[in-house]
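Novice: Sequence:
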Amino acid sequence: MDLYEYQAKELFGRHGIPVPAGKVAATPAEARAISAELDTPVVIKAQVKTGGRGKAGGIRPAAGPAAAESEAEHVIGMDIKGHIARRVLVEAATVPFEEYYAAFLVDRAEGAFLAMVSAQGGMEIEELAARDPDAIVKLPIDPVAGVDADTARQLVGKAGLPEQAAPVLEKLWRVLVEEDALLVEVNPLICTADQQIVALDGKVTVDDNAAFRHSWEYAEESVSLEAQAKAKGLNYVKLDGKVGVIGNGAGLVMSTLDVVAGAGAAPANFLDIGGGASAQVMADGLEIILADPDVRSVLVNVFGGITACDAVANGIVTALQLLGERGHGTPIVVRLDGNNAEVGRRILSDARHPAVRQVSTMDGAAELAARLAAGA
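UniProt numbering applies: residue 1 is where the sequence shown begins, and numbers increase by one.
Hints may be right or wrong, so weigh each one.
Stated by the list, open to error - With a Cα cut of at most 30 Å, we get these calculated BS3-like pairs of lysine-lysine:
(1) K23 - K230
(2) K158 - K171
(3) K171 - K138
(4) K23 - K55
(5) K203 - K23
(6) K55 - K230
(7) K203 - K55
(8) K158 - K138
(9) K232 - K203
(10) K158 - K203
(11) K138 - K203
(12) K55 - K138
(13) K230 - K203
(14) K171 - K23
(15) K203 - K171
Said to hold, decoys possible - Ranges of calculated distance between the beta carbons of each label pair, as one might list FRET restraints:
(16) G51 - G13: 20 to 30 Å
(17) G51 - A135: 18 to 28 Å
(18) P167 - A93: 18 to 28 Å
(19) L114 - D337: 36 to 46 Å
(20) A109 - Q164: 30 to 40 Å
(21) H353 - A92: 48 to 58 Å
Because the hints were derived from the structure by calculation, they are not lab data. By construction, the Cβ of each residue, glycine as well, lies at the ideal position given by its N, Cα and C atoms.
From just these sequences and the hints, can you work out the full model?
Specialist: So this is what it looks like as structure tokens:
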């Protein structure tokens with residue numbers, strides 16, 4: 001489970017990691033009161049479980065209480081990549097002298113813990129990794145030894161961070177271990193003009209399987225697409241592209257994401273309806289994807305096995321009937337193969353829905369979905 005920024009910072013504070021003073025607000029009036037209490041310029045930060053808040057206008061400075069109320073009014077209710085900002089963090093404005101990046105995570109590929117530290121923070125770490133891989137220090141962490149003072153000093157020394165950052169890295173590691181987290185990330189971790197190390201942002205993913213060991217009270221507070229999908233029992237992950245993807249089986253969906261990327265488009269999501277999905281599951285999945293404002297086209301790629309293609313086709317027809325006019329605006333490319341594929345194709349042809357296009361091959365379907373997403 002991903003935590004909101006304010007929740008991550010609550011954990012940081014418990015473990016002695018410096019964070020800016022601030023409180024969360026659910027209304028503009030609350031934001032005004034918090035700003036008055038802090039009695040300093042503040043930043044209004046949308047609380048959503050996705051990146052790109054700054055680019056979307058979800059992080060706004062405010063010089064005083066009146067400005068804080070006005071900016072909170074703009075941010076609360078904002079849709080950021082399908083996530084609705086129900087709350088804002090009203091936080092004392094902190095000017096960084098230098099910005100760094102620090103993270104501890106479970107490296108699933110290696111089955112181990114990994115530390116990632118860089119003297120270049122405040123930007124997309126994926127972009128930095130692609131442009132200058134040597135700018136990020138990566139160090140496997142022994143799960144028994146963990147991160148002690150010597151390891152922390154080694155990390156800051158290799159990455160070029162100041163010495164006073166080492167104790168903060170030790171504490172970040174303790175958050176990962178003691179809170180049963182899968183990821184603890186700070187971007188940026190800053191050094192102020194008076195040489196104080198402060199976690200200006202925070203991202204924490206905790207392991208739901210460890211909930212029985214904790215008193216977490218971090219329920220979903222938004223109606224994000226991922227929350228809606230989870231409520232419907234769907235395996236859905238929001239991505240940053242414009243081509244919605246539905247498939248049956250994680251392997252097929254991953255392959256479809258690759259084929260969409262190879263066709264020159266970026267996938268908008270991962271959605272696996274599973275091997276035995278019903279027409280209702282198919283309808284639920286399509287409804288979630290079409291609710292994403294970023295999606296410009298949808299690719300349904302199904303190989304019929306346990307899930308017969310006629311059930312998938314009926315699910316598509318049912319979903320479009322339920323959606324009514326909302327289902328007409330986004331083109332849906334469908335590729336059916338395998339069990340009952342001919343029956344499924346006939347069901348879609350007979351429905352004659354203006355949004356549906358059928359393509360017989362996965363590559364061809366991906367290419368068409370990419371063109372449609374680009375407006376071609």
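Novice: Hints broken by the structure, by number, lowest first?
Specialist: none
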